[in-house]
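Protein chains in written order, with my numbering: chain A, 952 to 1329; chain B, 952 to 1329.
The set of hints was computed from the structure by calculation and includes no laboratory data.
Since this is a predicted model, take the numbers as computed values, not measurements.
Some clues are possibly wrong.
Said to hold, decoys possible - Derived Cβ-Cβ restraints for the label pairs, each shown as a range: (1) A:ASP1256 / B:VAL1069: 38 to 48 Å; (2) B:LYS1280 / A:GLU994: 29 to 39 Å; (3) B:GLU1163 / A:ALA1327: 11 to 21 Å.
Stated by the list, open to error - Pairs of lysine-lysine, PhoX-like flavour, derived with a Cα cap of 20 Å: (4) A:LYS1048 / B:LYS1175; (5) A:LYS983 / B:LYS1099; (6) A:LYS1176 / B:LYS1048.
Heads up, the beta-carbon is just placed ideally off N, CA and C, and yes, glycines get one too.
Protein chains: 2
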Amino acid sequence: MNKKYLMTPGPTPVPQDIREEMAKPIIHHRTKEYQAIFKDATEGLKKLFKTSGDVLTFTSSGTGAMEASVVNLCSPGDKIIVIRGGKFGERFGEIGKAYGLNVVPIDVEWGTAVKTEVVADTVKKNPDAKALYATLCETSTATVTDIKAIGQILKGTDILLVVDVISGLGADEFQNDAWGVDVAVCGSQKGLMLPPGLAFCTVSERAMKAAEASKLPKFYFSFKKYKKSYMDTDTPFTSAITLVIGLKKAVEVINNKGVDNVIADHRKLGRAAREAAMALGLSVYSKSPSDAVTGINAPAGINADDIIKICKSELGVTFAGGQGDLKGKIFRIAHMGGIDEEHMGEAIKALEQALAKIGHKFTAGAGVAAAQKVLAGK
Amino acid sequence: MNKKYLMTPGPTPVPQDIREEMAKPIIHHRTKEYQAIFKDATEGLKKLFKTSGDVLTFTSSGTGAMEASVVNLCSPGDKIIVIRGGKFGERFGEIGKAYGLNVVPIDVEWGTAVKTEVVADTVKKNPDAKALYATLCETSTATVTDIKAIGQILKGTDILLVVDVISGLGADEFQNDAWGVDVAVCGSQKGLMLPPGLAFCTVSERAMKAAEASKLPKFYFSFKKYKKSYMDTDTPFTSAITLVIGLKKAVEVINNKGVDNVIADHRKLGRAAREAAMALGLSVYSKSPSDAVTGINAPAGINADDIIKICKSELGVTFAGGQGDLKGKIFRIAHMGGIDEEHMGEAIKALEQALAKIGHKFTAGAGVAAAQKVLAGK
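All chains, full assembly: derive it from the sequences and hints.
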């Protein structure tokens, strides 16, 4: 066990050149030097989100930006529609309730994507909703939702479309402007290959208008404050300078490769994970699997956390466990961000070793072979 | 111009060993390994704050923790007393107003500390205030306030004492528990020698009780959520892992040296800066100078920003300018965190060169000699 492989859906491995960039002597943030870095990072982010609008960068976890997408768009008592198909969809609802909003939930069976007709029906019944909150990749269930279809449903309505792309961006396809998204919320520690600590919101023109009219209290996460500072390529509060320096480098790496190529790579890694699981006699948890992370059901009678434990402590490969009701039932293999073919090969190898040790019957090498086949493009 | 010297009141230089610690391959946060790091960091912070109570760590700028100190203690319409003697004192008032609080300001002439009798009088007239917000070191004016005396005034009342120690901690003396402070707010990029991105709140028992009763809306900054997670040595949301790893190291460095020794060193650096300024025929802006940062008045007829510009672009030394009305009138030399005697020596050397270039008359070498005398303990 020499090298360690981090296969969790955030944080994902941070490439060495990005880590080195962030380890340079720190610079001051109210300088032309930093402003140029910040501007490059922001312009680079726009390409990843596929937006010509604003992308605001907050120093916070992704949850901070989720809160921003609520407090900036809504006023007390507003109605919001929230698609809840896992822990993170539920979080939008919790934030709405914490701010006294009228939350209309669309509860979706975990591991499945919301049915578009259900969304259409809920929208029809709630034309007075201020916004609809959806999740591109629901990390807790490794499930991807068809945001494009939801954008189509909301077209022509006054309901704002807010999408959590925290784990999805850079792995599952996403088009902010073309799909009619008003606010996309993201974090740094997933597809962006950075440590956690930065969060982002795209803001459409009509979202900024809503922010100007919004009456929920806010200060640190105020879109208006950020927008005003951005006119001077500045931030209202001291930003996490080293992380922004890493961000500039990370978006450069992704954009040099081309975001669509990066997504294609992760799609392939996702398929490799799923094919490997099936070749080992396991099944994929989600009916609508994301290309950012794969949830795999533990074999009957086996606790998923035991598989994770062996892989981590004996084989140097870290998977993530199930969250909430899924704890012990599934394990999750991430394939977003800095996770590449080498990682995936080692992960499947470790998985086979752990399964053999734990007594699961399968054809030795079948998982590795299945993954290899996908990765070789066959 | 080989080496660069960052003499700004945040960020301050991050020592190389801390930068290297943060540049190691990232680890996952829901692990025993990370929990042990997080616990050590938190225990170390308690020693710096001199508290036996909780210290909560947020991923945000210092302003985020300032907002936390408002939204967790208060309910809509509550009255708060805010000491405003500079940009950061004013910020507490702005946050209070953003949340619909009744802000009773104590306006203090910039560059002076509040008079204790004014505080006592305001407290007497407003016994129904929920909390009083003060600033240990008002960074914008480089002024220190006697928090101990304010604590004495509040003793026996139900008014909570909240103190912004963002730039003061580790440079100006501070005793959380002994002085009766309920919430002290801090950030990572000052005395703690880290990049920006983490913020802290100490929380006394009665502050936590207030948080349980508080009715202002909150989610990301909820004390209750953090407190609940802390019982499992966990955080409610993904923390800025690499910065926390740096934090563990930084508090170790400070505590190994002893926080009182670190403060004594900065006191000496502060005196050196002030003596040097006076030896060069300049005057110190503040009537109550902090040991974290020194504000120096530009000579008559000279724009302070010109001095800063020469020092930065020609001499590799970065000072900070004045903020708000002080822009162009003062420059600020920080002496907190990783700033040491070498930095101070180079800074005063650069200052002399810039002053000479700009046409200010003084005895060459007088500033360096004055600083040296203080640093040599004479």
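To see whether the hints hold, each was checked on the structure:
Checked against the given bound of 38 to 48 Å, the beta carbons of ASP1256 (chain A) and VAL1069 (chain B), roughly 60 Å apart, lie outside it. As the Cβ distance of LYS1280 (chain B) to GLU994 (chain A) is approximately 35 Å, the hint placing it in 29 to 39 Å holds. The hinted window of 11 to 21 Å between GLU1163 (chain B) and ALA1327 (chain A) is violated, with their beta carbons roughly 58 Å apart. Of the pairs offered as hints, the one joining LYS1048 (chain A) and LYS1175 (chain B) holds, with about 16 Å between alpha carbons and a cut-off of 20 Å not exceeded.
For the given pair, LYS983 (chain A) sits about 40 Å from LYS1099 (chain B) by alpha-carbon distance, which is inconsistent with the 20 Å threshold. At roughly 15 Å between alpha-carbon atoms, LYS1176 (chain A) and LYS1048 (chain B) fall within 20 Å of each other, so this suggested pair holds.
Hint violations for this structure: numbers 1, 3, 5, all remaining hints satisfied.
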